[in-house]
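Student: So the sequences go chain by chain: A and B.
For the record, in the first sequence the residue sitting at position 317 is 1165 according to my numbering, with numbers rising by one throughout.
For the record, in the second sequence the residue sitting at position 130 is 117 according to my numbering, with numbers rising by one throughout.
To give an idea of the chain A side of the interface with chain B (calculated C-beta under 8 angstroms), a few residues: (1) K1055; (2) D1060; (3) N1063.
Residues on chain A that point at chain B, a partial pick, calculated with CB under 8 angstroms: (4) S1056; (5) L1064; (6) W1067.
Label-pair distances were calculated between CB atoms; the ranges are: (7) B:Y122 / A:D1194: 50 to 60 angstroms; (8) A:P1057 / B:G101: 23 to 33 angstroms; (9) B:E42 / A:G1108: 45 to 55 angstroms; (10) B:R14 / A:L1129: 25 to 35 angstroms; (11) A:P1077 / B:I21: 26 to 36 angstroms; (12) A:R1175 / B:V126: 50 to 60 angstroms; (13) B:V2 / A:R1175: 50 to 60 angstroms; (14) B:L97 / A:R1175: 49 to 59 angstroms; (15) A:P1077 / B:R35: 46 to 56 angstroms; (16) A:G1237 / B:E15: 49 to 59 angstroms; (17) B:L97 / A:H1032: 38 to 48 angstroms; (18) B:P72 / A:V1061: 39 to 49 angstroms; (19) B:E42 / A:R1115: 53 to 63 angstroms.
The set of hints was computed from the structure by calculation and includes no laboratory data.
Model, not experiment: these values are computed from the prediction.
All C-beta atoms, glycine included, are put in the ideal place defined by N, C-alpha and C.
Given next are the chains, with one letter for each unit.
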Amino acid sequence: MEKTEGRLALRYFWEALEATREEGVLVGMDRFTEIGMAALGTAYLAMKEDLVRKAKAEVDRFVDLFQSASLGMVIWQLEDPSDLGSFRLVTANPAAARSGGEILIEAAGRHLRDLTPEIPPYVALWAETLADRAPRSWTAAVGDDPEARRHFDVRCFALRENYLGVIFEDVTERLRMTERLDHHVRELERSNRELDDFAYVTSHDLKSPLRDVRNLVSWIVEDVGDALPPSSAQHLRLVNDRVRRMEQLLDDLLEFSRVGRVAEEPRTFTIREVLESVLTLDPPRPGFSVTFEGEDVTICTPRLPFEKVLRNLVGNAIKHHDRPNGRVEVSAALEGERVRVRVADDGPGIRREFHERVFRMFQTLRPRDEVEGSGVGLAIVKKSVEVFGGQVHVESAGRGAAVVFTWPLRWARTGA
Amino acid sequence: MSGRTVSVLLVEDNVIEQEAVRRAFKREHIGNPIITAVDGIEALALLRGGKGGVEALPRPYLILLDLNMPRMNGLEFLTELRADPELRDSIVFVLTTSRSDEDRVASYNLNVAGYIVKSDVGAGFVRLLGLLDHYWRIVEFP
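Given only the sequences and the hints, what does the whole structure look like? Please build it.
Tutor: Put into structure tokens, the structure is as follows:
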């Protein structure tokens, strides 16, 4: 008798649970009666042998699921709605026993008032759930010792008649994991901020002595320039040159550290407009042409970082060209919610093994005495593009190289 | 204007920057006297005088102020200066390497006559001196 009742209750339980699952959250309970009645009607009211056998097989399947589920599942029956102590434990699955104690298994058939000297406060929620048949969820912490305390996500829902299903999951590990993750994220943010501050402070503070060196050199030249042997004059020119290079490096470093501190509001503009303003500010050197091809896509994003990326790429294409004449082609195309911008040149090309390397900090492919550059430009491009959620890569096989990057059509600030 | 020569109080901790200003004055044949202080505290002492029978810096004067300095930095000095009824009308130009927006806004909030970023030593300095030279020719000093 006990066993049959347990199985019937289980059946109710599964119908209810599946209904809530189908509906996504906790709103499927209304459908329970309908589904449950139909299924049970088939299973228990049909007298034909094969139907009973089928129904039994189905119930067995439910029992297996119940027994092996990782969620703790308990079914109670409220015998007297005016007495919370009259909740009777119908059945509990092994998972419930694992986190709730063996007592749950042994206590099947016994009443709450006999199981605990004091009725826990959440039992009132059970009764309310049975009364209004609306599922309830809450989280519960079990244990007084904060170190050993376990946390549970609990959900209860009314089954047929006065049966109540309670499912719960031990989320202690997940909570601890989340806490650890939060901690790591905070740490990472802090160290990133520190790194930015460090880059900012160093690049600013290092510039001051450099200015001093430049001043001192210019005074030596001013005071005794004519009297200097040619080699010393040349050395002083090199000192100046290296100082300038260092200053450029520091400026670029500073800029790199500031990428991602987006203060600017998004603006609407087209790719062609930005290219035109890049070319007005930095006209290509004689012998070079920069043209725009393809769709003129309109985007809405902070303009300065986008313009900076395009300026760096067009500037690079010309700076690293190996011939006196060359062409740079900028093109744009829609790609879903993004624009794909391509800056292609007919320069010497970039060998495959360097396609990744060119985006790294301080990486240059030619000696700095040949092509002046700090090796930060493409690192800034990559960081900017990625800050805005895009991607960048190099395409080059043989002569000519193209840098392709994506940028969202509409950029919105996320997070706090 | 009063006809008295305007003196320049240069508040700057870096001796090389000090010399840069002095040399630039000399190169442009600007004879106005330059008095230097290495930080805000020394500058205030010079402006107020009194200690050890030292006279306060006679007017008219113009202050060229660096921002990053030990003990009392430029903005702290400006705050003190504007709170001092004797000195609050002083004309101050900030002369700094800082391009930070916060520094610029804070300086103008403390009523500086100009915020000048010393980016390049050469041409920029000459223009700055041209500005100062015109400034004290044209402007009536307090």
